[in-house]
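Visitor: Position chain B relative to chain A; hints supplied.
Protein chains in written order, with full-length UniProt numbering: chain A, 1 to 368; chain B, 1 to 368.
As the list makes no split between identical chains, a pair holds if one copy fits it or if it spans any two.
Below, computed lysine-lysine pairings styled on DSS-like, alpha-carbon distance capped at 27 Å:
| no. | residue 1 | residue 2 |
| --- | --- | --- |
| 1 | K2 | K302 |
| 2 | K107 | K293 |
| 3 | K80 | K302 |
For the record, the hints were derived by calculation from the structure and aren't laboratory data. Just so it is clear, the structure is predicted and the values come from calculations on it, not from any experiment.
2 protein chains.
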Amino acid sequence: MKTHCSKDALLTGVNTVQKAVSGKNVEPDLQSIFLRAEAGKLIFLATDMEIGIRCEVPAETETEGTLLLPAKLFSDIVRKLPDTQITLESQAESANLEYYQSQIFLKGYDPEQFPLLPDLLDPVSFSLPSESFKTMIRETLIAAAQEESRPIFKGLLLEMEGSVLRLIATDTHRLAYSQSGIDNPNGLDFSGIVPSKTMSEIYRLLKDDDDSITVRFTGSHVSFQFGAVHLLTRLIEGQFPNYKQVIPSSCRTKIRLLVKDLMESVERASLLARESSAGVSLVRLEISGDLLKIEHTTDIGKISEQLSIEKEGADITISFNSRFILDVLRVLPSDQMRFELSGPQSAAIIRTPADENYLYLLLPVRTN
Amino acid sequence: MKTHCSKDALLTGVNTVQKAVSGKNVEPDLQSIFLRAEAGKLIFLATDMEIGIRCEVPAETETEGTLLLPAKLFSDIVRKLPDTQITLESQAESANLEYYQSQIFLKGYDPEQFPLLPDLLDPVSFSLPSESFKTMIRETLIAAAQEESRPIFKGLLLEMEGSVLRLIATDTHRLAYSQSGIDNPNGLDFSGIVPSKTMSEIYRLLKDDDDSITVRFTGSHVSFQFGAVHLLTRLIEGQFPNYKQVIPSSCRTKIRLLVKDLMESVERASLLARESSAGVSLVRLEISGDLLKIEHTTDIGKISEQLSIEKEGADITISFNSRFILDVLRVLPSDQMRFELSGPQSAAIIRTPADENYLYLLLPVRTN
Numbered sequence: 001m002k003t004h005c006s007k008d009a010l011l012t013g014v015n016t017v018q019k020a021v022s023g024k025n026v027e028p029d030l031q032s033i034f035l036r037a038e039a040g041k042l043i044f045l046a047t048d049m050e051i052g053i054r055c056e057v058p059a060e061t062e063t064e065g066t067l068l069l070p071a072k073l074f075s076d077i078v079r080k081l082p083d084t085q086i087t088l089e090s091q092a093e094s095a096n097l098e099y100y101q102s103q104i105f106l107k108g109y110d111p112e113q114f115p116l117l118p119d120l121l122d123p124v125s126f127s128l129p130s131e132s133f134k135t136m137i138r139e140t141l142i143a144a145a146q147e148e149s150r151p152i153f154k155g156l157l158l159e160m161e162g163s164v165l166r167l168i169a170t171d172t173h174r175l176a177y178s179q180s181g182i183d184n185p186n187g188l189d190f191s192g193i194v195p196s197k198t199m200s201e202i203y204r205l206l207k208d209d210d211d212s213i214t215v216r217f218t219g220s221h222v223s224f225q226f227g228a229v230h231l232l233t234r235l236i237e238g239q240f241p242n243y244k245q246v247i248p249s250s251c252r253t254k255i256r257l258l259v260k261d262l263m264e265s266v267e268r269a270s271l272l273a274r275e276s277s278a279g280v281s282l283v284r285l286e287i288s289g290d291l292l293k294i295e296h297t298t299d300i301g302k303i304s305e306q307l308s309i310e311k312e313g314a315d316i317t318i319s320f321n322s323r324f325i326l327d328v329l330r331v332l333p334s335d336q337m338r339f340e341l342s343g344p345q346s347a348a349i350i351r352t353p354a355d356e357n358y359l360y361l362l363l364p365v366r367t368n
Numbered sequence: 001m002k003t004h005c006s007k008d009a010l011l012t013g014v015n016t017v018q019k020a021v022s023g024k025n026v027e028p029d030l031q032s033i034f035l036r037a038e039a040g041k042l043i044f045l046a047t048d049m050e051i052g053i054r055c056e057v058p059a060e061t062e063t064e065g066t067l068l069l070p071a072k073l074f075s076d077i078v079r080k081l082p083d084t085q086i087t088l089e090s091q092a093e094s095a096n097l098e099y100y101q102s103q104i105f106l107k108g109y110d111p112e113q114f115p116l117l118p119d120l121l122d123p124v125s126f127s128l129p130s131e132s133f134k135t136m137i138r139e140t141l142i143a144a145a146q147e148e149s150r151p152i153f154k155g156l157l158l159e160m161e162g163s164v165l166r167l168i169a170t171d172t173h174r175l176a177y178s179q180s181g182i183d184n185p186n187g188l189d190f191s192g193i194v195p196s197k198t199m200s201e202i203y204r205l206l207k208d209d210d211d212s213i214t215v216r217f218t219g220s221h222v223s224f225q226f227g228a229v230h231l232l233t234r235l236i237e238g239q240f241p242n243y244k245q246v247i248p249s250s251c252r253t254k255i256r257l258l259v260k261d262l263m264e265s266v267e268r269a270s271l272l273a274r275e276s277s278a279g280v281s282l283v284r285l286e287i288s289g290d291l292l293k294i295e296h297t298t299d300i301g302k303i304s305e306q307l308s309i310e311k312e313g314a315d316i317t318i319s320f321n322s323r324f325i326l327d328v329l330r331v332l333p334s335d336q337m338r339f340e341l342s343g344p345q346s347a348a349i350i351r352t353p354a355d356e357n358y359l360y361l362l363l364p365v366r367t368n
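Isolated chain A (complex conformation):
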């Protein structure tokens, strides 16, 4: 192969596929980036067999062909290339990069060793605006389990029912739910659990100027296409919890307050808790009249915060894991928030006036 493209194009390619490159626990030739030069473009591909990313960038191709290059070294070299036109040529399994009067020769691997990704050319598909999808990911990803949990909790449920698309995540302590209207003329339904890592990659790679995202799926895989990027991922096997059952339909107390106020008060209260011997940092909310009080006493000090709120319904005192509150406050898209409570032992719901299609449910912590 022989092709010419800008340093920026190469950089876009390696940055886009990097997170799909296998980690250090596989053979070196699998920690690689596959390149294919075609007329007018250079295609980048990487996969760790869980997730595969494909990206194409503009290039002037003289001779078509393929290369399989060590991902880390090739990416590092691309980052350091001068900002000019680069010629990339294969010499057997190796690559030769030329710029100005300089050149880099880099040993590669046999491109035939690169695993083929499943083809989803003819599956069920629909599209939605990329901006809405980005918001949905941002608001739900926070509730997915991080580590040491059953696989289904480390993914997000992607569900299409009629003209509604839903994204739901839970780690059993809290649940985030977001929905959006979609164009689904064929009335196709789908439900699958997408790994969190895939979702955060989509979030990272989606640009604000990507018009729409096309989702295609089979029983075991789902693919997302936007701009010049094509991302394919395995689905997580298993039964996702019945989220409809756990979302309460009414509440006894409803308060409105400023996101920033609550966030800063909980952050300060957490500082004292963190230094104490406990472990989980609890925050106790005392709602009384038009005031929300947060009090926390440890052996190193005491904090007492007081916030103005608008309230409907009964007074209540309830405790939460402060991290679970902070997680959602940091992603809410508006200054205002609503807290819906039904008792010190019942699930609470946080909503935002900016997006009525979103809710965050969290379980209280029992205290004495």
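Guide: Quick look at chain B alone, frame taken from chain A:
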């Protein structure tokens, strides 16, 4: 004590003194910040007995007094305070912070336990423009030894001789030298080795709008005063190498080239070297005619860079540790640089046309 000041003032205080707070290997009450409220100001003090930093911020003091507070927790709390007026009051050894309708009570220690810093009120002193001093630090600090070295190499020689101030650092492989004219009407001479940590703190704390810096010294300590900051440090004991002896006064080859060109080429060549088994990353410069060639071959690939240069004198081929070259290229204040060479086994000198009072000497590496 009772005083009122802005959140920003408190933040300036804790950020300024934080690097002087003792690490975790001392008693908790020494990992602390000392506060003294006086008329119109609040004074912050911290010391690990090597370095002491004092800073004052504007405050409306109602009652004078002192407090000794746990540094990390107090700093974290200050960072999270709302952007408003804060009232800070002592209650026995504890602090009470008030803002809006909220308050934080934080246990402290007996202020009498805070170690006194030596007083340098009446020592030898001179001043110099802070901008010049910042440049001198930036250009020389890179050559000081980092770890596992004799103490004298982990400091910078601060030397005043007549109306010349010098700053010199060396780790025995390279040496950085910078000088500046100063106002020294009393003709006082001084020479002392200042810890690198102190120098990087001064660099961090010096603001561009600080007019000048006043330096005072005794035999064992030196202090630096600028803006509202007063920094005191122990000197390192020992004999600094005779730098005058090692700086060559002439050279056989002189080349001029662009800093950016050399930096990027050496960075790329280092990438290949880093991946090889060697350890130290060598770079071989081949100067021939009006070209500088960098060639590097390892078992994973080969790089061949070629740069245009202006040359006076003989052709030469010489090898360096590439990190030692990159360190200086990253701090040179101009686009242009000069390389002075006297043979493949002789010390080389890098200079910048933007500052004729600066030089960086480095020893070549012998290769076969």
